[in-house]
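Peer 1: Modelling step: build the complete structure from the supplied sequences, incorporating the hints.
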Amino acid sequence: MITPTLNAYLVLSGLLFSIGFFGVLIRKNTLVIFMGLELMLVASTLALVAFSRYNGTMDGNVFVFFILTVAAAEVAVGLAIIVALFRKRQTIQVDQLDGLKN
Amino acid sequence: MTLLQHALVVLLLPLVSATIIALFLRRAGNWAAGISVLAATAIAAIALILALHGGRFESSWEWLRLGEFSLSLGIKFDDLAALMLVIVGIVGLCVHVFSLGYMHDDAAKARFFGGLSIFMFSMIGIVFADNLFMMFIFWELVGFSSWLLINHWHEKKSAADASKKAFIVNRVGDFGFLLGIIACYYAFGTVNLTELATRVEGGAVVASSIPLLLFCGAVGKSAQLPLQVWLPDAMEGPTPVSALIHAATMVAAGIYMLCRINVLMVPEALTVIMWVGTATALYAALCAIVQSDIKKVLAYSTLSQLGYMVAAFGLGSLATKHEMGATTHEMLIATGVGAAMFHLTTHAFFKALMFLGSGSVIHGCHHEQDIFKMGGLRTRMPLTFWTFTIGVAAIMGMPFLAGFFSKDAILYLAMTKSTPVFIVLAFTAILTAFYMVRLWKITFLGTPRTHEADHAHEGGFTLTMPLIVLAVLSLVGGYTAYYPKVFTQVFELIPEAHDSAHTVILITSLTVMIVGAVSAFFLYQCSPNDTLAQKAPGLFNALGALRNSFDVAYDYYVAKIQQRFAMLLNFLEQIFLAGLIVRGFSGVVGLFGMGARALHVGKLSVYLYWFFGGVVILWLFVTGVF
Amino acid sequence: MSNLPFDPLLAAIVTPLALALAIALGLPKRWSVLLSYVAFAIPALMALHVWWYFGDAAKDHGYAFITEYSTGLDASGIQLKLGLNGIALPLFVLAGLVGLAAGLYAIQSGAERLKIYLMLLLIMQGGLMGVFASIDVFFFYFFHELALIPTFIMVGVWGGRDRGYAAMKMTIYLTLGAMLSLIGLIALYVKSGANSFDLISLRQALTAQPIVATLQNNIFALLMFGFGILVSLWPLHTWAPLGYGAAPSSNAMLHAGVLKKFGLYGLIQIALPLLPAGSLHWSGPLAWLAVIGNVLVVGFITMAQRDLKQLVGYSSVMHMGYAFLGIAAGTTLGIGGVVLMMVAHGFSVALLFLLSTSIYHRTHTFSMDEMGGLAQKTPVLAAFFVAATFASIGLPGFGNFWGELTIFVALWQFSPLITALAVAGVVISAIYGLRSAANVFFGPASDQLAGVTARHPPTDLAWSEKVPALILLGALLFMGFWPKSISVPLNAALGESVRAVQQTAAK
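So the protein sequences, as listed, match chains A, B and C. Position one of the first sequence corresponds to residue 4 (my numbering), numbered consecutively onward. Position one of the second sequence corresponds to residue 227 (my numbering), numbered consecutively onward. Position one of the third sequence corresponds to residue 20 (my numbering), numbered consecutively onward.
Some clues are possibly wrong.
Unchecked claim - Listed next, the in silico DSBU-like pairs over lysine-lysine satisfying Cα-Cα at most 35 angstroms (straight line):
#1 Lys522/B x Lys396/C
#2 Lys382/B x Lys396/C
#3 Lys786/B x Lys396/C
#4 Lys382/B x Lys485/C
#5 Lys503/C x Lys78/C
#6 Lys383/B x Lys485/C
#7 Lys31/A x Lys829/B
#8 Lys91/A x Lys829/B
What the hints assert, rightly or not - Some residues of chain A that are not near chain B, with every Cβ distance over 12 angstroms (derived):
#9 Asn10
#10 Phe24
#11 Ala50
#12 Arg56
#13 Val67
#14 Phe68
#15 Val78
These are calculated hints, taken from the structure and not from any lab test. Where a beta carbon is used, it is the ideal one built from N, C-alpha and C, also for glycine.
Peer 2: And the structure:
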């Protein structure tokens, strides 16, 4: 059986992070951007678990538990904000949400 | 009480009087007048006691110390101070009493008498001052009192302008005076008059700049060329003020100050002083001829006589150049002091007399000051006429009157020291007799030319009494030999001509007096027009132009140069400093702001790119690419 | 010895601040006004109290009435340490008295939103008392900022013409000045190695081990220009006439009279003793800048002013030139002269601002071309104004004279040429001073004024205006007649702070 090396996990994690990052950069839909953010978060959890396994300690796993919990809360809040935003502005396209100016 | 306490009372009494008037008696004019006159009486009495007692003393108190610098206020009471104090006391009392009548109906009587008290305080401070800083302090204070009193009728623009001019012109002189005092302080380490004398006698060398700078103060206060312009204008003040401040005492303070610092004099400085005095004497006498305002004639006459005194002081030691030797040096300076102080004394009496006489005339003629609108006052105001005549005779140098002796002393000094000055002063004496007789004849002789003059009347007791006192003093003031032997330090210095020189002087002074008086008496008619203007309009206008020349030049300077320079600087400040530079800077900052605002698009995705860019730059920085 | 059961310095600082807080928390207007009398009077009374007992009080390094309060920042060397030495004492009294006058004038002014106005003024007053009572440099600076902030608000809200621009300009200038000086102060703190903001410790540390000369020069430059902006050193002065012109009177009185002195006080109390080499290095440029810029150029500019308040503002800038000259001279005499000058100028300029406003209430204009002859209607006001004018142009009998005289005498040692130029300023100030008095009060009334007075017959100075004016005038006269009241405590303190400069100069 081929045991995946640490490198493989890290490459996968980097790929996931890149996908998420470019999603955030390029996509205009707030929901998709949000998904991209989540993807980056997940990528970092993956790296943490991999390191944890590799080092044989529980540090990374503990971090992941915290991140997952916070991420769950964050998703709830984030989605709620997006819904509220849509109700108010009838759009969730970021290039139309330029209320920060003026 | 000790003598020192007497002196302190004299000094502080008028201050107390002024304070009481300012605080409580603003609306109670009669009370204010009473208190002020009471103070003046006490001053005159104590001044006489102090002088006649013969005790002389010095005392001082440290008033301010910062580090090694110490400023004292003190009293130096020697014969010179005693003489000056008596003059101030007596003339001051006469003027106070005269003011009771003259200012009887004035609306701001309290302010007037308060001002007189302040003046007495300041003037006595100058007299007592034992060091130059103290003298400067009171020097400024007399300037302020002069401002206050000239400005008495402040609703008149001319009075407001005249007071302003007087103070500012005096400040110009004080500029030099203060620098001189400071220079003196660093040159000798002291400004105490007695200590200065010791240092100089001990061989300290005096730079000629110090006496010249100090002389600037006298030029301002005693209205010498080229700062004489304020004195004629100062006649806007009430006549008693003109008599006290602008004839007898304050303007003489310059001479007094010079006499105080005579130890600092060097030949170069004295030459300058002599010529300034001589020029002023001549210039003012020429101006006096074409005046039609009775007070202005007297003002120019005062200027001229002050010029005499300054010249006398300058003459006193000129001979050091010719007659070498350390001992003669001292002697000769001192003769100048004697002659100048002697003339100051007699002048104070007869000029105050004439000013008060003119006040009596003005009062009698319902505030008419133009002599061509008077005439015939001899019969209507006999007492004023006779006392005024004594004053005129005294200033002309009529034998056996006060002016005769003091003027002869000056002429004698001039004759022995400098022929050109002697000629100028003798010529000035002709002019003096000329304009005085002109004034006297047009005002008092002939027939009244206006309604006011026709109904002129002698004033009350308060107006006439001071005239009589001053007339008596003008009659006898010249006989120094009969003075109580308490002013000997001053009077023994008066130069006296002997033998042939005596004859020459006597003849000269009689000749110039008679020439001047007779020609004026026969030239001027008692008519409403100036005879000189009709017979020799060219000369008349030339003299008028000469009179105006300084004012024109100064007005031009003030309006066209100084004010424009100020406007220009103000313009530059508003345009360049506050405008271009400051607003320019704010513009540059604003441009940055606009640039920064362009980055501020409000789109999340764009901000993300900024963020990303920032991370990249940070990373590059950390890895050491920069 | 002070025999109060509480710390008079702290009471002077805290009382106004406490009332300000109470007003902020919603004290009713009637109580606010009534208590304001108390809150303005207490600092003045405390100031007079400490002045009276200063001579006999126990002193440590020249400081009397020392008390320390922990702030929780003791580890960084920051403590609320209060005390007065001979330099701070006269300024503390100045702050107390001018504050009382400004407060009384504000209470009767009937300004809109009087409660807030009084609250801001009280904060200012508390800050000002704190500035001069602090031995700790941190609190010295802190109290200055505390007093400065209300200035901006008051100019911006209650100001006159151009108030928006004036408030903005003042804010930028003064913040810049304060920032520069703060950098300088922090540099001092760091370089001294004393790990303390306590001025006494700083002084001891730096006397034992002075900072190297080049660094001293740099730090002194920061302080000189930083404080210089606050004191309107030419050409960084343009905020001053504009700001004072726009400021409401009580604020202008406190700012021009007291707060402005912060910069000079800082230079004397901190920069000179701690940076003697720096001060010697910069004395030449400072003197020339002050004499040409502040005294002569600004003097002429003052002559060209037609607006009464602007004129007073510019004249204040001009007189600050004399103060800089005294600092440049750097001797006991010169610095002592600066302190005399600061105190006297504080009283006289406050009085002039007060009276200008009183004139405005009667003429409804500040333009002097439209006035004239007011003395016939309001003789008492005229008398006060004339007295204030003569005080500010240095007539003997008023405090200003001593300041100018001693500065001139001290300056001669520095440079006779500069002295001559500076004394020429005395003539200039006489010209504009007397001209303004004549334009406003003397001669016949202008047509415009006749019109205004016909519509609103002017009344003479009311007691509510007369009392603050009398406080200020009385202080000026007292100083003028009895300069020892200030010079005696001053001498002891100056000996210590100037010694460093003179020792360095001797080397």
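Peer 1: Now look at each hint and say whether the structure bears it out.
Peer 2: Here is how each hint holds up against the structure:
1. Lys522/B x Lys396/C: Given that 35 angstroms is the threshold and the Cα spacing comes to 31 angstroms, the pair holds.
2. Lys382/B x Lys396/C: Within the cut-off at roughly 14 angstroms; holds.
3. Lys786/B x Lys396/C: holds (33 angstroms)
4. Lys382/B x Lys485/C: holds (27 angstroms)
5. Lys503/C x Lys78/C: holds (20 angstroms)
6. Lys383/B x Lys485/C: Judged against 35 angstroms, a Cα distance of about 28 angstroms means the pair holds.
7. Lys31/A x Lys829/B: holds (10 angstroms)
8. Lys91/A x Lys829/B: Holds. Lysine 91/A to lysine 829/B sits at ~17 angstroms (cutoff 35 angstroms).
9. Asn10: holds (22 angstroms)
10. Phe24: violated (9 angstroms)
11. Ala50: Per Cβ check, alanine 50/A is outside 12 angstroms of chain B; nearest 18 angstroms; holds.
12. Arg56: Consistent with the label, arginine 56/A stays out of reach of chain B, its closest Cβ about 28 angstroms off (over 12 angstroms).
13. Val67: holds (24 angstroms)
14. Phe68: holds (28 angstroms)
15. Val78: Nearest chain B Cβ is 18 angstroms from valine 78/A, so the label holds.
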